[in-house]
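Construct the entire structure; sequences and hints are all you get.
As given, the protein sequences belong to chains H and L, one line each in that order.
The numbers in this note's numbering rise by one with no breaks, and the one at position 265 of the first sequence is 265.
Add 1000 to a position in the second sequence, counting from 1, and you land on the number used in this note's numbering.
What the hints contain is simulated information worked out from the structure, not anything from laboratory work.
Each residue gets a CB set at the ideal place from its N, CA and C atoms; glycine is no exception.
Any given hint could be a false lead.
Said to hold, decoys possible - Label pairs and their calculated CB-CB ranges: (1) L/ALA1103 - H/ASP394: 16 to 24 Å; (2) H/THR47 - L/ALA1048: 51 to 59 Å; (3) H/ALA579 - L/ASN1109: 56 to 64 Å; (4) L/THR1240 - H/ALA680: 36 to 44 Å; (5) L/ASN1109 - H/GLY66: 49 to 57 Å; (6) H/PRO81 - L/MET1038: 37 to 45 Å.
Listed here are the chains, written in short residue letters.
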Amino acid sequence: MATITAGSQIGRSIPRLESRDKVTGRAEYTHHLKLPGMLYGKIFRSTMPHAKIRKVDTSAAAALPGVYRVVTIDDIRTVIPHPYYGPAFHDQPVLADGKVRFAGEPVAVVLASDPAVAEEALGLIEAEYEELPAVYDELEAASSPHLVHDELKPAATFPDLQHLKGRRGTNIALDYKMRRGNVDAAFASADHVFEHEFRTQQVMHVPMEPFVTVADVANGQATLHTASQGPSFVRIEIARLLGWPENRVRVKVPHLGGGFGGKLYIKLEALVTSLSLLVARPVKISLTMEEQFFMVTRHPCTFRIKSAVTKAGKITARKCEVWWNGGAYADIGPRVTQKAGFTSAGPYDIENVWIDSFAVYTNRPPCGALRGFGAPQTAWAYECHMDMMARELDLDPVAFRRMNMLRNGRPQAGGTVMEDADIEASMDLALERIGWNAPLERVSGNIRRGRGIAIGFKGITAPTTSVAIVNVYADGSCVLYISTVDMGQGSDTVMAQIVGEVLNLDPEKIKVIHPDTDVTPYDMGTLGSRSTYHMGTAVRLAAEDAKNKIEELARDLDMPPGSNLPVAELLRKKYGMQAGNIIGTGSFMPDYQKPDPETGQTRKATPFWGVGASSAEVEIDMETGEFKVTKLVNIADVGVPINPKLVEAQLSGAGIMQYGFTTIENMIFRDGQLTNGSLADYKIPSLLDMPKVFINEATRSNQKDGPFGAKGAGESTTIALSPAIGNAIADAIGVHIPDLPVTPEAVYRAIQSLKNAGGH
Amino acid sequence: MIGLDIHEPQSLEEAFALLGDDESTARPMGGGTALMLMMKARLFKPSALVSLAKADPRFHGIHLSSDGKAFTIGAMTTFAALEHHDAIAKHLPVITQTMVTLANPRVRNVATIGGNLAHADPHLDLPPVWLSLDSSIRTIGPAGERIVPLADFFAGYYETNLLPGELIMQVHVPVSPGWRRRYVKITTRSAHDWPAVGIALGLQMQAELCTDVRIVLSAATDRPLRLEAAESILRGQKLTPGRIADAAQATGDIHIESDSRGSADYKAHLLKVHLARALQDLSE
Chain H
1 MATITAGSQI
11 GRSIPRLESR
21 DKVTGRAEYT
31 HHLKLPGMLY
41 GKIFRSTMPH
51 AKIRKVDTSA
61 AAALPGVYRV
71 VTIDDIRTVI
81 PHPYYGPAFH
91 DQPVLADGKV
101 RFAGEPVAVV
111 LASDPAVAEE
121 ALGLIEAEYE
131 ELPAVYDELE
141 AASSPHLVHD
151 ELKPAATFPD
161 LQHLKGRRGT
171 NIALDYKMRR
181 GNVDAAFASA
191 DHVFEHEFRT
201 QQVMHVPMEP
211 FVTVADVANG
221 QATLHTASQG
231 PSFVRIEIAR
241 LLGWPENRVR
251 VKVPHLGGGF
261 GGKLYIKLEA
271 LVTSLSLLVA
281 RPVKISLTME
291 EQFFMVTRHP
301 CTFRIKSAVT
311 KAGKITARKC
321 EVWWNGGAYA
331 DIGPRVTQKA
341 GFTSAGPYDI
351 ENVWIDSFAV
361 YTNRPPCGAL
371 RGFGAPQTAW
381 AYECHMDMMA
391 RELDLDPVAF
401 RRMNMLRNGR
411 PQAGGTVMED
421 ADIEASMDLA
431 LERIGWNAPL
441 ERVSGNIRRG
451 RGIAIGFKGI
461 TAPTTSVAIV
471 NVYADGSCVL
481 YISTVDMGQG
491 SDTVMAQIVG
501 EVLNLDPEKI
511 KVIHPDTDVT
521 PYDMGTLGSR
531 STYHMGTAVR
541 LAAEDAKNKI
551 EELARDLDMP
561 PGSNLPVAEL
571 LRKKYGMQAG
581 NIIGTGSFMP
591 DYQKPDPETG
601 QTRKATPFWG
611 VGASSAEVEI
621 DMETGEFKVT
631 KLVNIADVGV
641 PINPKLVEAQ
651 LSGAGIMQYG
661 FTTIENMIFR
671 DGQLTNGSLA
681 DYKIPSLLDM
691 PKVFINEATR
701 SNQKDGPFGA
711 KGAGESTTIA
721 LSPAIGNAIA
731 DAIGVHIPDL
741 PVTPEAVYRA
751 IQSLKNAGGH
Chain L
1001 MIGLDIHEPQ
1011 SLEEAFALLG
1021 DDESTARPMG
1031 GGTALMLMMK
1041 ARLFKPSALV
1051 SLAKADPRFH
1061 GIHLSSDGKA
1071 FTIGAMTTFA
1081 ALEHHDAIAK
1091 HLPVITQTMV
1101 TLANPRVRNV
1111 ATIGGNLAHA
1121 DPHLDLPPVW
1131 LSLDSSIRTI
1141 GPAGERIVPL
1151 ADFFAGYYET
1161 NLLPGELIMQ
1171 VHVPVSPGWR
1181 RRYVKITTRS
1191 AHDWPAVGIA
1201 LGLQMQAELC
1211 TDVRIVLSAA
1221 TDRPLRLEAA
1231 ESILRGQKLT
1241 PGRIADAAQA
1251 TGDIHIESDS
1261 RGSADYKAHL
1271 LKVHLARALQ
1281 DLSE
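What follows is the structure, encoded as structure tokens:
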């Protein structure tokens, strides 16, 4: 074993542990898995956005040679009496139950040994519907008499949602409130009041590996192999659905081909487990790329924001009204509504704040977590709003932000005192890297150029827990058991670096055991930038526990202090042969205080703050509205980067993704039908679309209570990127575009409307 | 029936027999890139696919006539073969230029020019370029061969004037020395998207005079379309900025549909601006 100097593993850009396996095609993915006797399921989906199901005729499909069985909710109910699931609300039936709530909803499944047969049989199923009036827009749905669900059904696992139980006659699934100071008085006495409305569109994660689950339920045991970001949650929810103890449900997750929040909580697992239970054979369902548009997406959002500002530019009050279009099933939408609602007034120090954030059901595909958990939608609004006010007040947008910025030691609107959040340093670095003060040739021919800056922050899902086990074998080699899912972000590598740092081992020689709930301990989920901080701390504690036990063993063996005998020799001395283990465990749950339900106030809302700043330079073709982002800079405060190269990959990956959500991606619906649900028509950015100058960098920061000063990096660059581009475009053309995506046509229309209004 | 049969006939007679009559859902296949997408989306379900790879040698090859006046290109020629062909680069550089913006290397390696024409999706990049080059196609069917000018070939959205049983065998492309040509691909989303508007241009200039011109619009209309009104404003004239602007304005009557790439009037605007710019550029 190589001897490594203590302190040398943090800040080391070691290559990912799985690189060789991935490039040689050896990495394990659920898509490769075949079990003996396995049936393939293909899903028959609703063509109606909102309708009662009169009849589903499966007879012709069932009669097709090779079809094992066609399954509807009636069949599922024979084995699971109450087949409803979901992380926040138990509102989603395993298959449509009496009615369909969005076009694309699963209605029936064909099972066959040959997936081509199952696919063929789908065409033979006939469903008869009685169409119901549908609601698609979040504002309309909020007051519509046409209800997506008759009654709200919050899950028992979320105690703070219990007041919603049994609520009827509304599409509003959750109303989050934050109150600080006296907003009305501040508006009444304000020098200036500004009010703007912004909208964002529905987009999808587009993981390269579509959803896939294999379930094998037999003899009172359920084993799931699934592409999930949250194996521990899947086990809990499947155990609840089956009415079984957790130890009879086993969830295994190999590598993931991307997750981005889509593969969280419970998705295909409920359906595939039900099917396997029903037919007592292993069942596999692999979605196509096209079907992913019907699984989970990012919330469209309407945000009305209003600020009171003094003559000098101090913001004295802010009112936020945020409407989240959650689609037909809640998924984790209510949590997005709360968590993104919580930071929707932006990273500013404002005395009087009023926030209302509403989760609204509509007849669209469900919406959930997507890289930022709502923070990108809110930052689009509050950061464009900042520049619009600065323009009206003739203030420098940077000075205006600086004057109002929330700084460490000051309470955020919800009462939590901000700590270790390098907002200003991030902004400064973003300004420096774009060359904010360098001259800009603003006009050349038809081209106008502009620059934009934006900052943003997010709270981290709380309270959540991570548990880790470090096992040192008799020869001194080491494995780490964690339920963090490596979906491409490099968590295996970073966790191995933490163990290596504590135990003075070479991280490249540590084996990280992938999630298997029979083996790896609980983790709340690989989500919300939490793994490095939460699991990283649990791993550090587990490694320290192992280290203490090694030292204890040395003492028991009467080794002189500092003799530093290798573990293998200690164990050999103890057992007289190569035998035994040293097991260290660590468990971490950060401090948290539940917010007051009426005011949202708490002393500790979030374990740490995600911080991002972006700057952009654009050039606009004033005749056509076509634009180029010529420079794009993303800066994040990630604390101490444990693996700087992986941090940069996280920042740039999130940046490319959010760039697509800003300028290209849009799920377009006509009468509730998705019209561009394939990669031929739903375009995502390629490298050819990215700005020539694309800088992604972390500030020099320190998260004092993070593992070796680190915190999460997965979402930071999604927050401020869109408004930086929006503000740069407005700087060039003289007017803001309030809706995402910012397309060439939207820019053209904005230029035209300015011309028509006599502007210049 | 589950699945489908894939045939690779060794003669034309065999191919015709496999393709069957008008009622048949057997389909000829070039590279299969468009067909596979339609099958995957369940828009089309053929009973059999008939590859034309080995049916006749005339489906293959890129030949410049001995007098150097025209190319004959087999319908099974892949985009990549065209892209990397020296004589094409020399005599029809607009084709080489178009290839770089067309789909991606993986598609270009298998997609064929015949399949591309027969697919008749108006968003495709190559058909308007062929049309601007005054190309024609040689078809072959059970009833014999025909030469069809490309101008008469497209019938509408995904529709052609091919007769039942007929196959595209070759594309004939005149070489036109002295012409300046360009394909302008205007995308409104990602760089690898299909165009919102495609413009294929050819200008024949003598001194300052435009002696002849071809303007073909694609993507925004249901088929590639010669813009004859605009052409006639330019033909035989000096290309002053005013005249170019008049020609661009003369595109106003074209029926353009709104879609996810842009509204009809925005696409009409893009056409006007980019046509004027390309004309200005080419005329200089």
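Given the hint of 49 to 57 Å, is the C-beta distance from L/ASN1109 to H/GLY66 inside that range or not? violated (35 Å)
Beta-carbon spacing of L/ALA1103 to H/ASP394 - inside the hinted bounds 16 to 24 Å or not: violated (49 Å)
Outcome for the supplied range 37 to 45 Å, where the beta carbon pair is H/PRO81 and L/MET1038: Holds: the Cβ-Cβ distance is about 43 Å, inside 37 to 45 Å.
Tell me if the beta carbons of L/THR1240 and H/ALA680 are separated by a distance inside 36 to 44 Å. holds (42 Å)
Can you let me know if the beta-carbon spacing of H/THR47 and L/ALA1048 is within 51 to 59 Å? For L/ALA1048 against H/THR47, whose Cβ atoms are near 29 Å apart, the range 51 to 59 Å is violated.
Okay, H/ALA579 versus L/ASN1109 on CB: inside 56 to 64 Å? holds (58 Å)
Hint compliance for this structure: hints 1, 2 and 5 are broken, all remaining hints hold.
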